[in-house]
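Student: Those protein sequences? They're chains A and B, same order as listed.
Its first residue numbered 13, the first sequence is counted upward by one per residue in my numbering.
Its first residue numbered 1051, the second sequence is counted upward by one per residue in my numbering.
Hints were generated in silico from the structure; no laboratory data involved.
From the three backbone atoms N, C-alpha and C, an ideal C-beta is built for every residue, glycine too.
It is possible that part of the hints are untrue.
[Stated by the list, open to error] In the DSS-like style, the derived pairs of lysine-lysine whose C-alpha atoms are separated by at most 27 Å in a straight line are:
#	chain 1	residue 1	chain 2	residue 2
1	B	K1253	B	K1272
2	B	K1265	A	K20
3	A	K154	B	K1093
4	A	K15	B	K1253
[To be verified] Which residues of chain A face chain B? A few of them, derived with a C-beta cut under 8 Å, are:
#	residue
5	I33
6	F39
7	F40
8	A44
9	G47
10	A108
11	A131
12	I182
13	S183
14	V187
15	V262
16	V265
17	S278
18	T293
[Claimed, not checked] If you want the ones that stay clear, here's a sample from chain A, every Cβ over 10 Å from chain B, calculated:
#	residue
19	Y70
20	P77
21	Y79
22	T95
23	P197
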Amino acid sequence: MIKKSTFKSGYLPYLLILPQILITLTFFYWPAVQGLRQSFFLSDPFGQSSKFVWFYNYIELFTDPLYLKSIMITVTFSIAVATVSITLGLFIATMANRALRATALVRTLLIWPYAVAPAISGILWLFLLHPSYGIVALAIDKWLGVEWNPVLYGRDAMIMITMASSWKQISYNFVFFMAGLQAIPKSLIEAAAIDGASSFKRFWAITFPLLTPTFFFLSVMNIIYSFFETFGVIHTVTQGGPGGSTNILVYKVYQDGFVGLNLGSSAAQSVVLMSLIILITFLQFRYVEKKVQYTG
Amino acid sequence: MIEKTPILDIFTYVFLIIGILIVGFPIIYSLIAATLSLEEVSKVPMPLIPGDQFLVNMKEAWTRGNLGNQIFNSIVMATGITVGKIVISMIGAFSIVYFDYRLRVVAFASVFCTLMLPVEVRILPTYEMAANVLGPLQGVWDMLHMNGFVSWFAGHDIEVSLNWSLLDSYTGLTLPLIASATCTFLFRQFFLTVPEELCEAAKMDGASPMTFFRKILFPLSKTNIAALIVIEFVYGYNQYLWPLLITTDPDMTTAVIGLQNLIPQADDLPEWNVALGAAMMVMLPPVLIVLSMQRWFVKGLIEKEK
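With the rest of the complex left out, here is chain B (with noise of 0.2 Å):
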C-alpha cells in the first residue's frame, strides 16, 4: 500500500467480508436448510441454527432422486466432453500448426466459425441429426436410387435405410460437444510459442511428427491440459439443454436436469431440505474440482478466452 489509509483499510475489510457473505449466502443458507426437518424448514423465517437431520435429508434426496445413477450419468458425460475435447483440438491445432498443407487455412477457419454457433441456435436440426446421424448418408443414397441398383444386383427387393441414433446414449451426450474451438485456437496460440529449435533438433535426429509430439509438445503442454481439464469439465458437467434434448429415458438424464424433480410445487409438501440436499449432492464435483485445481481454473478460464 502506498500510504496509510486506516480507515479505508477498515472499509475494504468490511466491504470485502460483506461481498464474500453476499457470495456465500445462498450456499450457507441452503446447506442449513438441508439440516433441517420438514417442520422446521416450512416455518417462516427458518431457524438458522442447523438442525440434526442433514443425513436423512441426504439419504432421502439420494433414493429419490436417483441420484447415484444421475451423478453417474453426469460424471460419464463431463469427462467424455473433457477428454474428447483436450485429445481433437490438440491434435487438429498440432495440424494447423506443425504442417503446411493445401487445405490448412480451411481446415482453421471451419473450426473456428463453430464458434458462432452454439447449440442454443440450432436446437431442432441439431436434435433431428441425433436421432439418425446416417440421415444425410440416407439422402444421397436415395438420391443416387441405390436401393433399386442394389435389389438389381442381389435379384431380389432389397430396402437399405441407414439409421444410428444417438438418443440415450453416452455418446450422444458427448459426440456433438466435443468440437471446439476455443480449445483448438489455446493449443494454437501455445504451439505457436514453443521454440523453433526444438522442432528443427528433433527433425535432425530423426524423430517423426507424432515422436515429436508425444515426447516434445505433450509434456509442455501439461500445464494447458490441467488448466483445460477444469474448465471443460465444469463446462460438461454444467450441461443443462442438450443432454434435456437428447435423453428422454430416466436412467439417462445428468443430474442437473433431474433436480427439477425434486422442487416441491404448490401443491406438494414443502420439502425444501430434500430439495436443497439434493442440489448440495449435485453441485458437489464440479466445485470440488474448481476449490482442488484453483490455480489451474485461474490460469485457464483468462488465458482461454484470450
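Bound conformation, chain A alone (with noise of 0.2 Å):
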C-alpha cells in the first residue's frame, strides 16, 4: 500500500531506506546463507579445512537420538509454558476486568513483571526452589511428599525452567486478554443476561468463542517466546542439564556451535530452526491474521 499523493524525488527515498537494507544484508541475509552454506560443508574445529557433503550434516542430526531428545523437551517445555502462562494470565484478566475497584492498580501491579529479563526471572525461581535453601522446594518436598531436587532430577529441573519462563510471560497474556475482553461489546453479555444466562455460561458461550483470536495469537507467541527467548534462563539456571534434560533446541545449537565447535551441525541446526520460524510465521498471517479482525 501507498498513498495517493507521493513525494517526487530520485535519490531520496533510496538513501532513506539504506539504513535499514544495509543492516539487514550485513546482519540477517548475509549470516542466514552463510549459515545456510555451512550447513552442507564438514569443517575441522579449526577452520581449516572444509569439505562438501551434501546432506550428511541433516542426516547426521535426524539420526542422532540427542537431537530427537532435544525436539522432545523443546516441544514438551512450549506446550507446558504456553499453557500454564495463558491460562494463568486469562484468569487474571477475566478477574480484574469483572474487579469494579480499583483496576489502575490491578494493572499496575499485574504488568511489571514483563520488564524482568527472562535471566533474571531464572534466578529468582532459582532461588525459589532450590533444593535445599527454596521455600517453594520445602513446600513441595513436606506438602507433596516429593522428593525434589532439579540438580539431580530432570523432570524437576524442567518444572524449574517452565516455572521461571511462565511467570515473566503471565503479565504479557494479561495484557493482551485485558484489551480483548474490553473489546466485547458489552450489550451482548447484556442481552445474554436478560436471556437468562449466568455468569459462567456467559463466559463459555459469549467471552470465550469472543477470545479465540487472541487466545491463537498468544498461543503463537508464546510458542515462539519458549523456542527462542527462554535461551536466557536455560543459560542461568540448568545450562541445558541436568544430563541434557533441559536442552533445548536453541540452546542445542549455542552449545554445538559456539562451544563445542562443530559448525556443520550448529548450521544444519540453525537451519532447522529458521525452517521452523518461516512455517510458524507463514502459518501466523495465512490462519491468525484473518480472524484477529473483530479484537480491535
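Grab the two chains, each in its own frame, and use the hints to assemble them into the complex.
Tutor: What follows is the structure in C-alpha cells.
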C-alpha cells in the first residue's frame, strides 16, 4: 500500500531506506546464507579445511538420539509454558475485568514482570526452588511428599525452567486478554443476561469464543517465546542439564556451535530452526491474522 | 455489572488477590531475602520479616558484581537499540509509504522477512560477521586479485586486509539489533492512516519531503514513538544471547549476563542475599520505565503485535 499523493525525488527514498537495508543485508541475510552454506560442509574445528558433504550434517542430526531428545524436550517445554502462562493470564484478566474497583492499581501490579529479563526470572525461581534453601521446594517436599531436586532430576529441572519462563509471560498474556475482554461489546453480555444466562454460561458461550483470536495469537507468541527467548533462563539456571534434560534446541545450537565448535552440525540445526520459524510466521499470517479482525 | 452476584464478587476479589500474590511473590520474597544476613538467609525456611542488612548486601553486590559498570553498559545498549530502531524504521517507513519508486516493494519485503530470522537461528554466522564486518568485502577483493593489481600499481608488494571487528564494543552490542520489521511495520500502518490532505497541503505550500517529515509526520507520531521507547528499551536491556556471544571483556558485559557470576554454586557460601540484591538492582531500570510509562507501554505492546 502507498499514499495516493506521493513525493517525487530521485535519490531521497533510497537514501531513507538505505540504513535499514544495509543492516538487514549485513547482519540478517548474509549470515543466514552463510549458515545455509555451512550446513552442507564438514569442517574441522579450527576452520582450516572444509569439505562439501551434501546432506550428511542433516542425516547425522536426525539420526542423533540426542537431537531427537532435544526436539521432544523443546516441544514439551513450549507446550507447558504456553499452557501455564495463557491459563493464568486469562484467569487473572477475567477476574480483573470483573473487578469494579482499583482497576488501575490491579493493572499496575500485574504488568511489571514483563520488564524482568528471562534470565533474572530464572535466578528468582532458582532461589525459590533451590533444593536446600528454596521455600517452594520445601513446600513441595512437605506437602506433596515428593523428593525435590532440580540439580539431580531432569523432571524437576524441567518444572523449574517452565515456572521461571511462564511467570514472566503471565503479564504479557494478561495485557492482551485484558484488551480482548474490553473489546467485547457490553450489549452482547447484557442480552445474554436478560435471556437468563448465568455468569459462567456467559463466559463459556460468549466471552470465550470471542477471545479465540487472542487465544490463537497468544499461543503462537508464547511458543515463539519459549523456543527462542528462554535462552537466558536455560543459560543461567540449568545450562541444559542435568544430563541434557533441559537442553532445548536453541541452547543446543549454541552449545554445539559456539562452545563445541561443531560448525556443520550447528549450521544444520540453525537451518532447521529457521525453517521452523518461517513455517510459524507463514501459519500466523495465513490463519491467525485473518481471525484477529474483531478484537479491534 | 449486570446483576448482583455478591458471592461471585467476593470470589473475584479473592482470586484477583491470589493472582497478584502469585505474580508478585517471587519478587517480594527475593526482596526480603536481600535484606537478611547470611545466617538468616541460609535458614530453612528463611524468616519472612525483613532484616536490616539491605544496604550492606546492596553495597556488597554493587562492588562484587561490578554492577555500576555493567548497568551502564546495559543502559547504553538499550538506549542505542531504542534510538536506532526508531530512527531507521521511521525513515524507512516514510520512504516506503510516501515515495513511489521502482524497488519500493522489494525494499519492504526484504525488511519484512527479517521477522523470520531472529538472532537465535543464525548464531555462528552472525558472530563471524561481527568479528569482521568487512569479511565479505575481503572475499570480493581477493577474488578480483586486487592485491596483485595494487602491488603492480605501487611498484612493491602490498597486502590489503580489511578488518573491522565489532566484538567488545558498543557498536557491536547495538548495530546488529537495530533492524526491525515490526517497528517499520508499525510506522507504516500509522502513516497510512494519516490523512492524504496533509501531504497535499504541504506540497501545495512548497514543503520539501523532509520538511513535511519533520514538521508534520514527526509530531503526529509522538505517541507511537513513546510506546516504542518503552517496548524497545525493555527489549534492548534484557537481551541475553547476543551480548553473551560478542563480549569477552568483563568490562563490556551487560548486567543481565554478569548476574550469573553472583549465583552461589554448590561449593560456595550460599550468599543468596547478595545475589538477589544484585538481581533487584539490575531489573530496576526497565521496571521503572514500564511502570512510569504504563499507558504507552500497553498501547505499544498491543499495536506492535497487530
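Student: The hint names A/S278 as touching chain B; please verify it with the least Cβ-Cβ distance against 8 Å.
Tutor: Since chain B brings a Cβ to about 6 Å from A/S278, closer than 8 Å, the hint holds.
Student: Given a cut of 8 Å on the nearest C-beta pair, is the interface hint for A/A108 held or broken against chain B?
Tutor: holds (6 Å)
Student: Assess, step by step, whether the Cα of A/K15 is no farther than 27 Å from the Cα of B/K1253, and give holds or violated.
Tutor: holds (13 Å)
Student: Given A/V262 was flagged as interface, is its beta-carbon under 8 Å from a beta-carbon of chain B?
Tutor: holds (5 Å)
Student: Please confirm whether A/T95 is truly not at the interface, meaning its C-beta sits more than 10 Å away from all C-beta atoms of chain B.
Tutor: holds (16 Å)
Student: Please verify that the nearest CB of chain B lies beyond 10 Å from A/P197's CB.
Tutor: A/P197 is indeed farther than 10 Å from all Cβ atoms of chain B, at 13 Å.
Student: Measuring from the C-beta of A/T293 to each C-beta in chain B, is the shortest one below 8 Å?
Tutor: holds (5 Å)
Student: Using Cβ atoms only, decide whether A/S183 comes closer than 8 Å to chain B, and label the hint accordingly.
Tutor: For A/S183, the interface hint holds, since the closest Cβ of chain B sits about 7 Å away, which is under 8 Å.
Student: B/K1253 and B/K1272 were given as a pair; does the straight-line alpha-carbon distance stay at or below 27 Å?
Tutor: Satisfied, since the Cα-Cα distance of roughly 22 Å is no more than 27 Å.
Student: Are all C-beta atoms of chain B more than 10 Å from that of A/Y79?
Tutor: holds (15 Å)
Student: Classify the hint on A/V265 as holds or violated, based on whether any CB of chain B lies nearer than 8 Å to its CB.
Tutor: holds (6 Å)
Student: Is the nearest CB of chain B more than 10 Å from the CB of A/Y70?
Tutor: Label holds. Min Cβ-Cβ 15 Å, cutoff 10 Å.
The earlier numbered hints are all upheld by this structure, with none contradicted.
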